[in-house]
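Undergrad: Sequence lines, in order, name chains A and B. Residues 1 to 175 in the numbering used here are what the first sequence spells out, letter by letter. Residues 1 to 165 in the numbering used here are what the second sequence spells out, letter by letter.
None of these hints come from the bench; they were simulated from the model. Hints are not guaranteed to be accurate.
[To be verified] Part of the chain B face toward chain A, derived, beta carbon under 8 Å:
| hint | residue |
| --- | --- |
| 1 | A2 |
| 2 | I7 |
| 3 | S18 |
| 4 | E49 |
| 5 | L52 |
| 6 | A53 |
| 7 | D82 |
| 8 | G87 |
For glycine and all other residues, C-beta sits at the position ideal for the given N, C-alpha and C.
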Amino acid sequence: MADYDLSNVKVLVAEDYAPMRKLLGQVLYELNVADFQMVANGQETIDFLQEYEADLLLVDNLMSPIDGTELTRMIRAGKTPAERHVPIIMVSGETSKELIVGARDAGVNEFLAKPISTQMVYQRFMNIIENPRAFVQTDDFYGPDRRRRPMRYPGLDRRREAYTYQTPQQAKAGG
Amino acid sequence: MAKPQIINPPNKLKSKVSMGGPGAVDPARLARAEAVIEKMTESYLDWVETDLAKLEGELAALSPGAPDTQERIDVIYRAAHDIKGQGGSFGYHLMTEIGALMCRYIENMDGAMTQEDVDLMQLCYKSMRAVITGRLSGDGGEAGRMVLDGLGKVAEKVKATGHGD
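Isolated chain A (complex conformation) (with noise of 0.2 Å):
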């Protein structure tokens, strides 16, 4: 596991849940992070981003008004004052499979289930810095690949070739 000297980062944190902001905040602390901030919800992120040029975000789901996913959204589509790349960490209690197939394709970069540990964190910070995921733009998605790895493909491979994506509404429509 590389050495990473983390105390030039700047985090914003948005997380409603008060004690989840203080285990947050001193898992950041410990991990030497000098600048990090706590907002409450998806709005107030937006606010404090007029001020404060986050170089990551760690986000909650399920937060109003304005959720995790809906957040990260409207960042990857520049409605925000934040780079719309900037790196996002979704944070979340719910695990279910909806829940993270919806927070890929708004954009997220990586997904951390609560409870958290430290590790878990610093794990997240390092996929983010060593393994850095093109953006895709297309007519209705901007953000991470959702790709994590090139597949392995014996023949050929329809997407190098034709570079068609579908969105996952269109693959189940049959488009």
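We have chain A; now place chain B onto it with these hints.
TA: This is chain B only, laid out in the frame that chain A set:
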């Protein structure tokens, strides 16, 4: 549909970190960090009391057919969700397990809430209370197994809906 574009944004995070040095996250720092988090367990026991009190109050006020049922269920769900989310971080894995079960149960409730629903949610609450009162951290040993066994009916109903994962 336009062709997708592949964009490689600058890795700003990487540009702001360095390797090694006294401030780096090495195995020793990670171990210290985990130890500090473990010491927060006393705080956790205070925090979870607040959630349990909220659950207790809302469950006591739940009444099938009452107009405020959905609002109360929402508060109960949030409390169970929060309990699920933090228990394991402090070694209380049973709280995470029971919180998850309670969330699944509520998610799968369809139609009007019945007295059985209230009773089974109460059972989840009482099981959580038993875990905290008995300080059943980790898997809770024999007592932990008994607590989980007591939730068999909740688990069966969740499983029967086909959304037990």
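Undergrad: Less than 8 Å between beta-carbons is the criterion; does A53/B satisfy it with respect to chain A?
TA: violated (14 Å)
Undergrad: Have a go at the I7/B hint: is there a Cβ in chain A nearer than 8 Å to its own Cβ?
TA: holds (4 Å)
Undergrad: Would you settle whether the hint for G87/B is holds or violated, based on the nearest Cβ-Cβ distance to chain A being less than 8 Å?
TA: holds (6 Å)
Undergrad: Answer holds if the nearest beta-carbon of chain A is closer than 8 Å to that of L52/B; otherwise answer violated.
TA: violated (13 Å)
Undergrad: Under 8 Å, Cβ to Cβ, is where E49/B needs to be relative to chain A, so tell me if that hint holds or is violated.
TA: Violated - the Cβ of E49/B stays beyond 8 Å from chain A, reaching only about 11 Å at its closest.
Undergrad: Is the shortest C-beta separation between D82/B and chain A less than 8 Å?
TA: Constraint on D82/B satisfied, holds at 5 Å.
Undergrad: Holds or violated: A2/B as interface residue toward chain A, Cβ cutoff 8 Å?
TA: holds (6 Å)
Undergrad: Does the interface hint hold: is S18/B within less than 8 Å of chain A, judged Cβ to Cβ?
TA: holds (5 Å)
The structure is inconsistent with the numbered hints 4, 5, 6, although it conforms to all the rest.
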